[in-house]
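Q: Sequence:
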Amino acid sequence: MTLRRIVLVGDAFIAILFGGIILLNSPGYQLQPPVITQLSSVSSQVDSGNKQLSQISQQIQSINQAISALQQHLQNDIHTYHEILAKAGE
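Under the working numbering, the first residue of the sequence shown carries the number 261, and numbering increases by one thereafter.
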């Protein structure tokens, strides 16, 4: 699918979505609670989820840094161990 088709499909989806919102919020149609309120709620939930994902990403980066430091420490210990074995074998 070309980029132009993707954009057209996306534009059509947005038009249908907003057309539906306008229709559902028309005076002849009653919703409890209103669609706009629901969309606002969903938007705030998405924002909250994004903040949580950002925090999780930062925690993962911290864990990766700790793992890298541990790997380096272990490599140094292994190198030292090999040196001790080499001297003991002399």
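If you're looking for bench data, these hints aren't it; they were derived computationally from the structure.
Possibly wrong hints are sitting among the right ones.
As the list claims (entries may be wrong) - Simulated DEER-style distance windows between Cβ atoms:
#, residue 1, residue 2, range
1, 344, 323, 29 to 39 Å
2, 276, 304, 15 to 25 Å
3, 305, 325, 43 to 53 Å
4, 343, 317, 38 to 48 Å
5, 298, 318, 28 to 38 Å
6, 308, 341, 25 to 35 Å
7, 315, 349, 46 to 56 Å
8, 338, 317, 29 to 39 Å
Positions of the beta carbon are idealized from the N, C-alpha and C atoms, including for glycine.
Q: So, for every hint listed, does it hold in this structure?
A: So, going through the hints one by one against the coordinates:
Roughly 31 Å separates the CB atoms of residue 344 and residue 323, a value that falls within the hinted 29 to 39 Å. Checked against the hint of 15 to 25 Å, the pair residue 276 and residue 304 passes, with Cβ atoms roughly 24 Å apart. For residue 305 and residue 325, the hinted distance range of 43 to 53 Å is not satisfied, since their beta carbons lie about 31 Å from each other. Take residue 343 and residue 317: their Cβ atoms lie about 39 Å apart, and the range 38 to 48 Å holds.
One distance hint, 28 to 38 Å for the beta-carbon pair residue 298 and residue 318, holds here, with the actual separation near 31 Å. Range check, residue 308 to residue 341: about 49 Å between beta-carbon atoms, so the 25 to 35 Å window is missed. Distance hint check for residue 315 and residue 349: the Cβ-Cβ separation is about 51 Å, which falls inside the suggested range of 46 to 56 Å. Between residue 338 and residue 317 the beta carbons are some 31 Å apart, a value that agrees with the proposed interval 29 to 39 Å.
Checked against the numbered hints given earlier, the structure breaks hints 3, 6 and satisfies all the rest.
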